[in-house]
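Note that the protein sequences, when read in sequence, are chains F, V and G.
Heads up, the first sequence is in the numbering used here, so the first residue is 1 and it goes up one at a time.
Heads up, the second sequence is in the numbering used here, so the first residue is 1 and it goes up one at a time.
Heads up, the third sequence is in the numbering used here, so the first residue is 1 and it goes up one at a time.
Worth flagging that the hints you see were computed from the coordinates, not collected in a lab.
Keep in mind that this is a model prediction, so the values were computed, not measured.
Note that the Cβ used here is the ideal one computed from N, Cα and C, for glycine as well.
There's no promise every hint is true.
Chain F side only, calculated, beta carbon under 10 Å to chain G, not exhaustive [claimed, not checked]:
#1 Leu6
#2 Val7
#3 Val13
#4 Gln32
#5 Val33
#6 Gly35
#7 Arg37
#8 Lys40
#9 Leu44
#10 Val46
#11 Leu65
#12 Val70
According to the in silico footprint, chain V covers these stretches of chain G (three or more CB under 8 Å from chain V) [as the list claims (entries may be wrong)]:
#13 84-93
#14 150-156
#15 211-218
Residues from chain V shown here face chain G by an in silico Cβ test under 10 Å; the list is partial [what the hints assert, rightly or not]:
#16 Asp291
#17 Gln427
#18 Gly430
#19 Phe525
#20 Ala728
#21 Thr730
#22 Ala734
#23 Gly736
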Amino acid sequence: MKVRVLVSLKPGVLDAQGRAIEHALHDLGYSQVTGVRTGKLVVLDVDATDPAKARALAAEAAEKLLANPVIEQYEILS
Amino acid sequence: MSDPEVTDELAREHGLSSHEIALIGEILGRRPTFPELGIFSVMWSEHCSYKSSKKYLQKLPTKGACVVQGPGENAGVVDVGDGWVAVFKIESHNHPSQVEPHGGASTGVGGILRDIFTMGARPLASLDSLRFGSLDDAHQRYLVRGVVRGIGDYGNCFGCATVGGEVTFHPRYRNNILVNAMNLGIARREQIFLAKAAGPGNPVIYVGSKTGRDGIHGASLLASAEFDEDTDAKRPTVQLGDPFTEKLLLEACLEAMATGAIVGIQDMGAAGLTCSSFEMASRSGTGIEMDLDQVPQRESGMTAYELLLSESQERMLLVAEKGREDEIFAVFEKWDLDAALVGRVTDDGRMRVRWQGRTVVDIPVDPIAANAPAYERPTARPADFESLQKLDLDSLPAETDPSGALLQLLASPNLCSREWVYRQYDQLVGSSTVLRPGGDAAVVRIPETERGLALKTDCNPRWCALDPYLGAQHAVAEAARNVAVTGARPLAVTNCLNFGSPERPEAMWEFAEATRGMGDACRAFGIPITGGNVSFYNETSGEGGIPPTPTIGMVGLLDDVTRAVPAAFRGAGDDVILLGETRAELGGSEYLAVRHGLERGAPPALDLAAEQRLQKLLAAAAEQRLMRSAHDCSDGGAAIALAECAIRSGVGLDVALPASGLRPEVALFAESAARAIVSCAPADRERFLALAREHGVPAARIGATGGVRIRIAPGVDVSLVEAHDLWARTLPEALG
Amino acid sequence: MSAPRVGVLVFPGSLDDRDMRRSFGLCGADVRMIWHKDQRLPESLDGIGVPGGFSYGDYLRCGAMARFSPVMRSLVEFAESGKPVLGVCNGFQILCESGLLPGVLVRNRELKYVCQDVRVAVEDPGMFRAELTPGRALVMPVKHGEGAYVPDPDRKPRVAFRYVGGSPNGSTDDIAGVTNERGNVLGLMPHPEHATDPLLGSADGAHVLRSFLAACVAARAGR
């Protein structure tokens, strides 16, 4: 089954890429966009039938490898 | 899902002409299968078969004492002394970069790297010659950012230093940008590998990345046709690259080669598995039988057609000695790369391919590779050729503000600082870069020796548009001069010939003239051409083609790399010397274009013998350590060259150009050939001038370095800081 | 006293490993290359260098996957025993990811890879004092896309080097290199191994390498 993990920068950490995207959107006329934060979506194909076990595995993977806790946080999306 | 029926219409959709379709029927004695049709269409595409250019390329000078391997292999090979050889080539990736600049440029770099290391050489230095439309155009800026980032992302992650190149902006490249990627690697002469499929019974092994659906028909469709309204729809045909895998592939290939178990090896580039297997068999006079079910696949349900034509990157095909397969597999396993036995070499000169239990391809090798059709395309000189050459200098208004003209030229897109570009490249990995980007030729040390190589790409497209024969000669002369000012001896050439459609007689005429000019200049200099690339169809229907752009990649040799001479001044109090003669000529010059908006007139006169005398003088002066700096005079003339020497060193100058009855703007900005700016210590000045006289090169001391201003009589007196700022700001302000 | 023995780790995608070997060699060291899959280190190593490059393609995060290579367990033991470790660029990133150094390196603020000479000033170089006196200025090249240092709020770094005149990448407080608490593990973004041979540019990097080698010799002698 698939587990989706969203890894993003902790609030307060400078997101230079997000800022560049915000400027580009403003250049295109989307002045209503007042902020952009970027992250990564990691989709894990897990060999498991129990969703809770799969999500727990994903959380471990996120803690150990997918996210760097100094500057990143993660969210299991499904 | 079964293959479509092969009809004449399907064949024409594959880019084959009626003549070629009939030829296929004659060769096979039957209709081709769908996979066979795919094979013919890519192998006989312009990009792979050189059908329109072969007859001209055959006339080029390719022999020389230093040549170990000339055109016909993956790259050229020249002897550089002490048992070392340089393996080098330049290639284009124009159409894919127009469609997807980051992906196109990336994979262009990846492709040329593989061409070098497939021959057993570790890549040492890359250069990239880039041409775009006008810098004022937002879409062009998007392309520039994407291409530069693509070159950087690939080259930096792979780990080969990018040490030079060029960037040119001209509106005629707007819909057909050019990305020419050059690479040079070093190997021991006895360790060079050729792409042979020798030894019937020997195993054929596929190594590297798995095969997916990328880039199918990249060569035949994209590179062999003009752009039109459907250009955006061609996006899926751009291949995606992975420089990390290519780095692993490099290390694995070099290790596998060291085992001695490899007979022949070729990278899979344009036309993928098809092209590499055919070329290897063709060179050896053998055949290959292949089983596509053994090919490592990234996607499910790939058909035989797709497997044969995929242009997935980072893959090689090799032939090993029978019985030693396991040694090869062990190396690739260490580097976590796929390696699979996909076939055997045969002795019947045929390519036989099986898939899912059936034979889907059974064709003779020679007619495909070596005997592909060759065409004699009609040529016609453009009607406006003579009128464009006319330029009445006297009717040009006199320059009232030479200082302003200098500053405007320094800030103009084609003369301003390129630091924005090369800052994004790793210039240093490999610990060999002696002269970094920003000067004339780059200089790299040949590792573990005291020798060096000077590398440069050059071409002035405006001159080639005005006169393709003379323009191409200038490209060779300028590249040689840029190498010579570092103290190196020009040694050999690779070339990337970028032109419009060979089916348009004017474009074909440009090609014929340019190759003739290039060949004549190389012959006059005694510099062999070891190989290169032809890129046709750089035009957009209804919009005309690019200016003829025969990019020359020049390699020079320095016996003692510690004597390499930088381009910029070294300090105050040095004498400044102008070498060569300045004539009353402004045809096709930057001054004319930037200050007057004109592109006309004949390119400057070219005296190949005078160029050679200058090359020899520079080599001798470098050997005797007489020069503190040496810089080529080219675009923008002597004034720009002098300003560049000052700006890049932070040391001003005060000079007076020789009077000789020239109008001030001509003395300052004429782009006469066979000239250079040299600075030397006062104690060495007389010996240097005497050396110049011995070599028959006109030389005049015109002033000295020092101070905080750029003073060039007649008429130029500007602040060094102001000139530097204007020169440095243009690209960062435009590109971010 | 024989030459200091230095090991240089090689990961898939390491690029400046050969440069590190060459320049350590120029400074008088006896260098061994150590493949990332090796479970044990060579005998009697005095110090270890972790080189620059794009290990594992810089995929996911720079150094994130290299830190789990088999050889890293031995490296961590080596560092925790107090022996000298030098991480340059990607090596610095790997040391941060493995926790041997505090903080993390993130994408350059201008979002572009940058290759240029920079000037750094020595501040607190831990045990690598031989030629790195505080206040000394050194010119060395940087070449990276992810070199902006972000400190860990819970682990204040000992700042070994600071960029002079502003950073090329947006590093917090212009931090160019740090050591661990104990001072035996040093990481920096500028490349001393590309500033050792005067033919190729600045030779200031030799001061960093020789200070490292001096610490190696001292460590061997048990001081």
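Taking the numbered hints from earlier one at a time, note which ones the structure violates and give those numbers from smallest to largest. Hints 1, 4, 5, 6, 7, 9, 10, 13, 14, 15, 16, 19, 20, 21, 22 contradicted; others consistent.
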